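Undergrad: Fit chain to chain and form the complex, with the hints in mind.
Protein chains in written order, with the working numbering: chain A, 1 to 111; chain B, 1 to 113.
Derived by calculation from the structure, the hints in this document are not laboratory data. All of these numbers come straight from a predicted model, not from anything done at the bench. Cβ coordinates follow ideal geometry from the N, Cα and C atoms, glycine included. It cannot be assumed that every hint is accurate.
No farther apart than 30 Å at their CA atoms in a straight line, the calculated lysine-lysine pairs in the DSS-like style are these [to be verified]:
1) A:Lys56 with A:Lys110
2) A:Lys68 with A:Lys52
3) A:Lys68 with A:Lys56
4) A:Lys56 with B:Lys26
5) A:Lys52 with A:Lys77
6) A:Lys56 with A:Lys77
7) A:Lys60 with B:Lys26
8) A:Lys52 with B:Lys26
9) A:Lys77 with A:Lys60
Rough simulated footprint, nothing fancy, chain A against chain B, three-plus residues with beta-carbon under 8 Å [unchecked claim]:
10) 36-44
11) 52-65
12) 104-110
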Amino acid sequence: GDSVTQMEGPVTLSEEAFLTINCTYTATGYPSLFWYVQYPGEGLQLLLKATKADDKGSNKGFEATYRKETTSFHLEKGSVQVSDSAVYFCALILNNNDMRFGAGTRLTVKP
Amino acid sequence: DAGVTQSPTHLIKTRGQQVTLRCSPKSGHDTVSWYQQALGQGPQFIFQYYEEEERQRGNFPDRFSGHQFPNYSSELNVNALLLGDSALYLCASLQTSDSYEQYFGPGTRLTVT
Chain A
1 GDSVTQMEGP VTLSEEAFLT INCTYTATGY PSLFWYVQYP GEGLQLLLKA
51 TKADDKGSNK GFEATYRKET TSFHLEKGSV QVSDSAVYFC ALILNNNDMR
101 FGAGTRLTVK P
Chain B
1 DAGVTQSPTH LIKTRGQQVT LRCSPKSGHD TVSWYQQALG QGPQFIFQYY
51 EEEERQRGNF PDRFSGHQFP NYSSELNVNA LLLGDSALYL CASLQTSDSY
101 EQYFGPGTRL TVT
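Here chain B stands alone, though its shape is the one from the complex (with noise of 0.2 Å):
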């Protein structure tokens, strides 16, 4: 049973520049949430994403934007890069019907130069 994947692993870009980054939930999940962590944080909420619609957004700017996909995986788009993005980009899936258990991804590390 594949848990949650994420692509691609690293990534470097330049402020100014948009970035798209993928999550394939785990098998059997409907909600995908994105979280940014900074180096030596915790994970902050982005927003999460339920029938393919933004069901809650923490305290990110319009830069950030999100997608679902029928299959359930989901994108996050951030544009306009600020040296300040740079992070771990982690996706967390659950069953929405099930526990408040999210199962995390590896995450995508962003640097933006």
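Isolated chain A, as found in the complex (with noise of 0.2 Å):
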């Protein structure tokens, strides 16, 4: 079925590194791809999203390119800082009706 694969964790980085957390989807159609962020305590906030191949999704430094001839969706930011700590998930959605997520990657940034 549709489900989306990420980097596990935990990623721990010095403030200013770069930073990727991989993900791969599998689908049987064409979705929409998105990262969304969690920070403690909290719903979902939507990050970034893509709709169609090689759309760029970016936001807040964020950025993750759309590649259908990998099913790919990393997500990058060239400097991290220590308020970008949190859980980050992928997914993708092929209709209004089913997101699927990763299981998510736990990023903490150290000063």
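TA: Below, the structure is given as structure tokens:
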């Protein structure tokens, strides 16, 4: 079935380091792809999205490109901050009904 | 503009009891989805309501049921609670005629003892 696989955490980085969180997907059609962020004790916030191949989603310095040939949507940021510490979820949706999430990657950024 | 709101924030129940969780969608949204997020896991889709009917359902037993009201708000009911039902329950809303972008509420933390 349709699913998302993302790199396992936890990931610990120093402030200003480069971040990559890998995400690959399996889908029967052409899904829309998302990255959500969850801060401690809170719900999910949409970080960025891409709805078709080669689209690049970006927000708050984070970027991800929809790669159909490698079925990937890796999250990147050039210089992380302590405030980026959170759990990041990759997700896909093929229609309006059922969003599939990865297991989440916990990021800790140390000063 | 109020986002998605959920109540209560936290809830403690005993095995075998029943629970009702509530969700108000973001203004202008007509579709509500419910997700279960176990500790350390990604959210799992329970079901989605649109026009007061269940439109699609994930792999959850019939103990999980829901309702959507004419004002688009929604309830999630869980009967015969099990210890394994302990989780964060997330509500998400969207406008069906719009993009696939779902807005999530802060969740209800359910603990079953």
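Undergrad: Hint by hint, note whether the structure agrees.
TA: Checked hints:
Restraint check: the Cα-Cα separation between A:Lys56 and A:Lys110 comes to about 28 Å, which is no more than 30 Å; the hinted pair holds. For the suggested pair A:Lys68 and A:Lys52, the alpha carbons sit about 8 Å apart, so the restraint of at most 30 Å is met. For the hint linking A:Lys68 to A:Lys56, the alpha-carbon distance of about 12 Å falls within 30 Å, and the restraint holds. Using a Cα cut-off of 30 Å, the hinted pair A:Lys56 and B:Lys26 holds, with the two alpha carbons roughly 26 Å apart.
Proposed proximity of A:Lys52 and A:Lys77 is supported: the alpha carbons are some 21 Å apart, at most 30 Å. Between A:Lys56 and A:Lys77 the CA atoms are separated by roughly 13 Å; this keeps the pair inside 30 Å, and the hint holds. At roughly 23 Å between alpha-carbon atoms, A:Lys60 and B:Lys26 fall within 30 Å of each other, so this suggested pair holds. Restraint check: the Cα-Cα separation between A:Lys52 and B:Lys26 comes to about 26 Å, which is no more than 30 Å; the hinted pair holds.
Simply put, A:Lys77 and A:Lys60 have alpha-carbon atoms about 9 Å apart, close enough for the 30 Å limit, and the pair holds. Restraint check on the region 36-44 of chain B versus chain A: 5 residues with Cβ-Cβ distances below 8 Å, three needed, restraint holds. Residues of the region 52-65 of chain B lying with their CB closer than 8 Å to a CB of chain A number 3, which satisfies the three-residue condition for coverage. Counting residues of the region 104-110 of chain B whose beta carbon lies closer than 8 Å to any beta carbon of chain A gives 4, which reaches the threshold of three, so the coverage claim holds.
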